[in-house]
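The primary structure of each chain is shown beneath.
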Amino acid sequence: NAGVTQTPKFRVLKTGQSMTLLCAQDMNHEYMYWYRQDPGMGLRLIHYSVGEGTTAKGEVPDGYNVSRLKKQNFLLGLESAAPSQTSVYFCASSYLTGSSYNEQFFGPGTRLTVL
Amino acid sequence: AQSVSQHNHHVILSEAASLELGCNYSYGGTVNLFWYVQYPGQHLQLLLKYFSGDPLVKGIKGFEAEFIKSKFSFNLRKPSVQWSDTAEYFCAVTPYSSASKIIFGSGTRLSIRP
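In the order they appear, the protein sequences are chains A and B. Residues are numbered in the working numbering as their position in the first sequence, beginning at 1, plus a constant of 118. Residues are numbered in the working numbering as their position in the second sequence, beginning at 1, plus a constant of 60.
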């Protein structure tokens, strides 16, 4: 199993450009998440999904959109990149056991720089 | 608002020293608790988790954590650290019934002197 994979690993954008980050998981997990990690601020949840075809906003959703057309994929889009979106982006997936939410499995991250 | 506090931002220890990293959270209901580790240049990995039962949980690589409900704390411990423990450590809390409200602490960077 590859676990959670993310593409690309690195990207440099100019202000105003758009891009899509792809996350894929092969563990048949229902839940998928996008986080950004900034120094001294831990991980902040951008958007999440509790199943195919569903998405919801997290703590810092502004400037981002997501889609979950297939259970195994979760896409994060930046329509018009801004320097404030320079960050490391992590995707994660998780699953339920009964009614208890389990730990998250993280991808390797995408380092995005917006000039 | 719910929050997770990790008061130690950077801890520097010598090899074989004992470690305790603090984690306090603010949430009144039942919670699931996690510690994750992020080695340099790598993604987060689970160290240990607490859902219910024995409040002293053991994880990988000799780490353990104790859940003290009355103090809203879930401190991470290791009796003797190694150079390879150099990493950033994140505490995370999620309400038992919610997948969307997982909250991470800001992290503690651990540096081990060989």
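Hints are computed from structural coordinates only; laboratory data are not their basis. A quick note: this is a predicted structure, and the numbers were derived from the prediction, not measured. Treat the hints with care, as some may be off.
Said to hold, decoys possible - So the derived list for chain B, only partly shown, Cβ under 7 Å to chain A, looks like this:
1. Phe94
2. Pro100
3. His103
4. Leu104
5. Leu106
6. Lys109
7. Tyr110
8. Phe111
9. Thr154
10. Ser166
11. Gly167
What the hints assert, rightly or not - Selected chain A positions facing chain B (Cβ under 7 Å, derived; list incomplete):
12. Pro157
13. Gly171
14. Thr173
15. Phe224
16. Pro226
17. Leu230
Using N, Cα and C, we set each Cβ at its ideal position, and we do this for glycine too.
Which hint numbers doesn't this structure obey? Hints 2, 7, 12, 13, 14, 17 not satisfied by this model.
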